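**Student:** Protein chains in written order, with our numbering: chain A, 1 to 294; chain B, 295 to 543.
Each hint should be verified, as a subset may be incorrect.
Restraint ranges, calculated between C-beta atoms of paired labels, are given here [claimed, not checked]:
#	chain 1	residue 1	chain 2	residue 2	range
1	B	L434	A	V4	55 to 65 Å
2	B	R330	A	L114	52 to 62 Å
3	B	R329	A	L114	13 to 23 Å
4	A	V156	B	R513	54 to 64 Å
5	A	L114	B	H319	25 to 35 Å
6	A	A113	B	G375	32 to 42 Å
7	A	G223	B	D310	32 to 42 Å
Just so you know, the hints here were simulated from the structure itself, not pulled from any lab data. Here the structure is a predicted model, which means the values were calculated and not measured. The beta-carbon is built from N, C-alpha and C at its ideal position, and this holds for glycine as well.
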Amino acid sequence: MATVVLLAITGLGLAALYFLVASGLSLIFGLMGVLNFAHGAFLTIGAYGTWWASENLPGAGSTGWGFVLAVVFGVAVGTLVAALIELALIRPLYERHIEQVLVTVGLSLALVALVRAIWGADPHPFPRPEWTQRTTSVLGANVPNDRFLLIGSAVVVLIAVLAFLRFTRFGLIIRAGVENRSMVTALGIDVRKAFTLVFAIGGAFAALAGALGGIYLGSISPGQGTSLLIFAFIVVVIGGMSSITGAAVAAVLVGLVQQFANYYAASGVGDLSVVLLLAVVLLTRPSGLTARVA
Amino acid sequence: MSGPARGGTPLLRMSDVHVRLSGSHIPQGIDLTVRRGGVTALLGRNGAGKTTTVKAALGLVPSTGVVEFTGDDGRTQRLSGRRTHEIVRRGIGYAPEDREVFGGLTVAENLTLAERRYSTHHHDRVYELFPELKQRSRQLAGTLSGGQQQMVAIARLLLNDNQLLLIDEPTKGLAPLLVAEVADVLARAAEEVTILLVEQNLTVVRRMATDAIVVDQGRVAWTGSAPDLLADADRTRELLGVATSGGHV
Numbered sequence: 001m002a003t004v005v006l007l008a009i010t011g012l013g014l015a016a017l018y019f020l021v022a023s024g025l026s027l028i029f030g031l032m033g034v035l036n037f038a039h040g041a042f043l044t045i046g047a048y049g050t051w052w053a054s055e056n057l058p059g060a061g062s063t064g065w066g067f068v069l070a071v072v073f074g075v076a077v078g079t080l081v082a083a084l085i086e087l088a089l090i091r092p093l094y095e096r097h098i099e100q101v102l103v104t105v106g107l108s109l110a111l112v113a114l115v116r117a118i119w120g121a122d123p124h125p126f127p128r129p130e131w132t133q134r135t136t137s138v139l140g141a142n143v144p145n146d147r148f149l150l151i152g153s154a155v156v157v158l159i160a161v162l163a164f165l166r167f168t169r170f171g172l173i174i175r176a177g178v179e180n181r182s183m184v185t186a187l188g189i190d191v192r193k194a195f196t197l198v199f200a201i202g203g204a205f206a207a208l209a210g211a212l213g214g215i216y217l218g219s220i221s222p223g224q225g226t227s228l229l230i231f232a233f234i235v236v237v238i239g240g241m242s243s244i245t246g247a248a249v250a251a252v253l254v255g256l257v258q259q260f261a262n263y264y265a266a267s268g269v270g271d272l273s274v275v276l277l278l279a280v281v282l283l284t285r286p287s288g289l290t291a292r293v294a
Numbered sequence: 295m296s297g298p299a300r301g302g303t304p305l306l307r308m309s310d311v312h313v314r315l316s317g318s319h320i321p322q323g324i325d326l327t328v329r330r331g332g333v334t335a336l337l338g339r340n341g342a343g344k345t346t347t348v349k350a351a352l353g354l355v356p357s358t359g360v361v362e363f364t365g366d367d368g369r370t371q372r373l374s375g376r377r378t379h380e381i382v383r384r385g386i387g388y389a390p391e392d393r394e395v396f397g398g399l400t401v402a403e404n405l406t407l408a409e410r411r412y413s414t415h416h417h418d419r420v421y422e423l424f425p426e427l428k429q430r431s432r433q434l435a436g437t438l439s440g441g442q443q444q445m446v447a448i449a450r451l452l453l454n455d456n457q458l459l460l461i462d463e464p465t466k467g468l469a470p471l472l473v474a475e476v477a478d479v480l481a482r483a484a485e486e487v488t489i490l491l492v493e494q495n496l497t498v499v500r501r502m503a504t505d506a507i508v509v510d511q512g513r514v515a516w517t518g519s520a521p522d523l524l525a526d527a528d529r530t531r532e533l534l535g536v537a538t539s540g541g542h543v
């Protein structure tokens, strides 16, 4: 029982990371039709930004509010980079989807190379607040506290995104834009502002995933974002290409399947199981578990 | 070919407008003027280029040529080259051919979304014209009937202060009773705002239109008074391929 509980909570923690990356991807694809291959780079930037801030930013550190400040800095850098990329590189290429894909693929390679050039290819130990290194007993299982931090953060983000989409005018524009972008503009709305906002929000969530991923894994490396991005794409496809709740459900499925398969079968079988899950969903529900924005 | 010369201040003028899209080239040099006041019907056979002409005016499809709009302040502004949202904010409302309401939003959300900045929002007027929309304000627009969706599409137009409404086939696919209801509402709206109406139903055109522009194969084939056109059975048959006693183009 204790093993099952530990695997389940760890799987949910992993799911939280996948959701944080996938939710931004999902919103960006749903509204803008952009498959953003640079999204993993935002995660890397968030992770390195947090790590750098914890060591260099006055007031920031690896414990308490100092760590919170470091995470805020990492998320802010990820958000800023995402917004600038949208304004400078994606906006001039609206409706030119192939060129957009090429640009985001190029960016994903260039940004990771830049991080590698500055801080090296080797992993760096990530600052982990002491509380996250302790465990809490749940039904006989000693669960590392970082899992609760991951799950709690993802739940807060999910609720915040749903509330944003439901109760704000920008949320309304995003939901409408996912359905019919040209009709939104025909109502006199400059949908490009929503594009930039969605890209920035996606960048913020990915950067947060980078910081939380650093806590979960204990270290950061330049290629971390790219490897998580693959699973995030799988989550987006399983959940339905533009659905936030679908992404949340799919992330939980993928995280749990991966954890249990890795433990009860063999290491590596988890990844294979996720691909099989993707195939099953695509064969039975080609549009994903659900295909709407919220 | 053209009918009698028409007076009145021009509101919208399109000169030598071409659209080349997915291998097709329609319109091919449209020249037309919509006069301020009344209803101008844009007529023509299927595929003549009516819908694309309207979309070109709004910048919804890439086009060449000149589109100009003369606002209430008397200033003539060039619309060609501007983005759709900028054109619409000058006071031009648009109801597309297939309604294109947002099915995943409620009726109330569809109307809220249509609220334009720097415009008065006439919710009372809209709900007075379409009381059913108030009752169904929390219903998802995607679950409404075709007629109810058309009400939402027209309500979005009437919510803001517009100077010109571009309305594409508002009665398409509607039951006869609803056609009459939609025509009633548009006729009331036309008392306050100029309308460019793409319409296949000649009964509706006869009831509402003051002017007519007939397009054929992407070019303007005739312009003039709508009652004159419809009174001339031979010309109507020649231009639109139908008899004038009711019926569709």
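**Student:** It remains to establish, for every hint, whether it holds in the given structure.
**Tutor:** Evaluation of the provided hints:
{"no.": "1", "hint": "B/L434 - A/V4: 55 to 65 Å", "result": "violated, 40 Å"}
{"no.": "2", "hint": "B/R330 - A/L114: 52 to 62 Å", "result": "holds, 58 Å"}
{"no.": "3", "hint": "B/R329 - A/L114: 13 to 23 Å", "result": "violated, 60 Å"}
{"no.": "4", "hint": "A/V156 - B/R513: 54 to 64 Å", "result": "holds, 60 Å"}
{"no.": "5", "hint": "A/L114 - B/H319: 25 to 35 Å", "result": "violated, 46 Å"}
{"no.": "6", "hint": "A/A113 - B/G375: 32 to 42 Å", "result": "holds, 39 Å"}
{"no.": "7", "hint": "A/G223 - B/D310: 32 to 42 Å", "result": "violated, 55 Å"}
Violated hints, listed in ascending order, are 1, 3, 5, 7; each of the other numbered hints is respected by the structure.
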